[in-house]
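The residues making up each chain are set out below.
Number of protein chains: 2
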Amino acid sequence: MKSFSYYNPTRIEFGEKKEELIGNIIAGYGVKKVLVVYGSERINKDGLFKTVADSLTANGITFYELGGVQSNPVLSKVYEGIELAKKYNVEAVLAVGGGSVLDSVKAIATGACYDGDVWDFFTFKAAATKALLIFDIITLAATGSEMNNFAVVTNEQTKEKFSLINPANYPKVSIINPVLQATVTKEYLTYSAADIFAHCLDMYFSASYLPGYIAGYVENILTTVIRTTNILIENPADYEARGEFAWAATQALNFTTFCGVENNRFDTHFIEHTLSAEYNIAHGAGLSIVVPAWLKYQKNSMPERFERFATNVFSTEGADAGIEALVAWYKKIGTPVTLQEGNIPESDIPMLVEKLRAVASMWGGEELYTREMIQAILGLCR
Amino acid sequence: MKSFSYYNPTRIEFGEKKEELIGNIIAGYGVKKVLVVYGSERINKDGLFKTVADSLTANGITFYELGGVQSNPVLSKVYEGIELAKKYNVEAVLAVGGGSVLDSVKAIATGACYDGDVWDFFTFKAAATKALLIFDIITLAATGSEMNNFAVVTNEQTKEKFSLINPANYPKVSIINPVLQATVTKEYLTYSAADIFAHCLDMYFSASYLPGYIAGYVENILTTVIRTTNILIENPADYEARGEFAWAATQALNFTTFCGVENNRFDTHFIEHTLSAEYNIAHGAGLSIVVPAWLKYQKNSMPERFERFATNVFSTEGADAGIEALVAWYKKIGTPVTLQEGNIPESDIPMLVEKLRAVASMWGGEELYTREMIQAILGLCR
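Protein chains in written order, with this note's numbering: chain A, 21 to 402; chain B, 21 to 402.
To be clear, the hints were calculated from the coordinates, so they are not data collected in a lab. One or more hints might be untrue.
Any copy, or any two copies together, can satisfy a pair, since identical chains are not distinguished.
[To be verified] Derived DSS-like pairs: lysine-lysine, alpha-carbon spacing no greater than 27 Å straight-line:
no. : residue 1 : residue 2
1   : K106      : K70
2   : K22       : K206
3   : K22       : K107
4   : K37       : K206
5   : K150      : K319
6   : K70       : K179
7   : K150      : K192
8   : K70       : K145
9   : K192      : K179
10  : K375      : K37
11  : K352      : K65
12  : K22       : K70
13  : K107      : K316
14  : K37       : K22
15  : K145      : K107
16  : K375      : K52
17  : K53       : K107
18  : K65       : K22
19  : K179      : K37
20  : K319      : K375
21  : K65       : K37
These numbers were taken from a predicted model, which means no experiment stands behind them.
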């Protein structure tokens, strides 16, 4: 185990009907005014919005609304939220939706405490340390945003999809009710599975040191995701599988997988963010295209780890067989595995390489992400 | 996954030399005066006490000392600490030692904020909610006390070993430096391994519902403990193994193993606490005596789980083989597996049964822990 600091102060309230507690929970923090942010119409379908509104009102909390957040959430919507938050002087922001809604909320909560442009924090021009209080009712399990301080937002003007890290961005309380996640489409369920996988694999196959305990910990997340995704494709209403899927998603990016690990990177996320910024494809779909190529690119650099992965996650033997089993599983659940399947022209590769180089140079990653490396990985996405 | 709340605000600082930061860390909380509590002479052996003292002094913190905490920590020492904490009006208590020292510190921190007898909290006469700030440098991995709000203390007058739970008892910061744990004797290493095992198995084999994710999570802790204990017996200085062992210990009782689980109990801990209160045997030694008996007692109640355990933890097949493999491992590492090996006369069983019944009745556990059940389990400790 290498040296690390671990601190995760988010309180999780997991289970059926926990969303009914939201007003009481937020009132417990002395909040009087909250901005409620949501995305699609799914929030109304199951009466969730009414439940939230009633609970807030019953607890004496005034709320303002911002709807219409989309997948690959955009900066213009964040600006709208910041304006509302400042105008009404809210003390907290509540996300009711998936990772895109919560990431928007984190950016709004940060931007509302800053006089400049919130994009400054995404482009390393300023370091974020303050935020309004953040709460969420997470209706799609994938990003792990409910138990971390990350947010990813797309600047639709510049086609840049960048990350915000703010120590004040841990949600105070996250509500995870598997029932509310049962209405996710099959397509988004599988994209979510691919996202969770990539959170795990980015770490697993990039770390220069991976303790056995953490390897086993991550393998357990992966096998849980495979098992529960397979169940949920057949039976979306399976509460137990939905619950385990949701909890695996949370664990995959709440920093527990990084404890004691050395030099882990987010290679596939780094590449995919530019794909989804450019083509607005679903993040999970982009990841299932990039991950196999990335694995093929570097399988010879850590043969033992690839063998371990093959054995412990897919019960097969050898690096190639492990990668093949992963690709076969992506195909089985129906996520794309080539640029072509993602409707991304291979002729765009040179342009994508330059964009990725520009992003890397922003934070000093030019040596890590060489032109040759990016080109090779994108070239293997077929 | 059944409904649950999870909140664990302890910050972990893991790694070599992290203890040098202690003064800076504590000063960050605005603390000016701290009571430093420790146990044996081991704290001086490696210069640890001097490092701590220098760091506190360099950060303008005045400290007072309380040494001599022993294994199975006693109430009289806690009273001493409370008196000192009140006398010097300290804002924080720092544990430098193992679980016994930290548990004493939690009791002191709680008792210093209470006008009555701190034992009231152990006997359910009062509910604890306040505490001084708690910090620790943990020099023995076993109890998981560094990332939970439990404390176990023995009232040596009444020979009662009871637990304290206080939401304010999560350490603010816990420092885990594997190097500082390398001087633990082989005997205590193996008792620690048995303690971690029991934390896991108490949950694993008592829960009326155990999600697959959590089962796999716990099995990974168990296989890590087996692997690293075997290494450390041969080579106590193996830093990597020591680190994984330490982190597995923390994870085994930081409440992550309880997430989504239903009706888990602490059966072997319940029984063992009375054994160590009565005979002052090491907690881990008592547990390796009780665990096999408890498993034999209830192996027919959850055959699938016993089979899973045998396969995933000991690579063998069937409930009996799994229990036998566990006993063989206890014998291999040298922990006792019978009352006789623990120097506990079998003729004391009737007295122990009555004591355990009395403890259970204190919190309404008479129906759960029947005379027949306790007698049967103790009778199987051979």
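Status of each hint after checking the structure:
no.	hint	verdict
1	K106 <-> K70	within (25 Å within a copy, 51 Å between copies)
2	K22 <-> K206	between (39 Å within a copy, 24 Å between copies)
3	K22 <-> K107	neither (46 Å within a copy, 41 Å between copies)
4	K37 <-> K206	within (23 Å within a copy, 49 Å between copies)
5	K150 <-> K319	neither (41 Å within a copy, 53 Å between copies)
6	K70 <-> K179	neither (35 Å within a copy, 56 Å between copies)
7	K150 <-> K192	both (14 Å within a copy, 21 Å between copies)
8	K70 <-> K145	neither (40 Å within a copy, 42 Å between copies)
9	K192 <-> K179	neither (31 Å within a copy, 42 Å between copies)
10	K375 <-> K37	neither (45 Å within a copy, 42 Å between copies)
11	K352 <-> K65	neither (29 Å within a copy, 60 Å between copies)
12	K22 <-> K70	between (48 Å within a copy, 25 Å between copies)
13	K107 <-> K316	neither (51 Å within a copy, 66 Å between copies)
14	K37 <-> K22	between (40 Å within a copy, 12 Å between copies)
15	K145 <-> K107	within (25 Å within a copy, 50 Å between copies)
16	K375 <-> K52	neither (44 Å within a copy, 52 Å between copies)
17	K53 <-> K107	within (11 Å within a copy, 44 Å between copies)
18	K65 <-> K22	between (47 Å within a copy, 24 Å between copies)
19	K179 <-> K37	neither (39 Å within a copy, 44 Å between copies)
20	K319 <-> K375	within (25 Å within a copy, 60 Å between copies)
21	K65 <-> K37	within (16 Å within a copy, 54 Å between copies)
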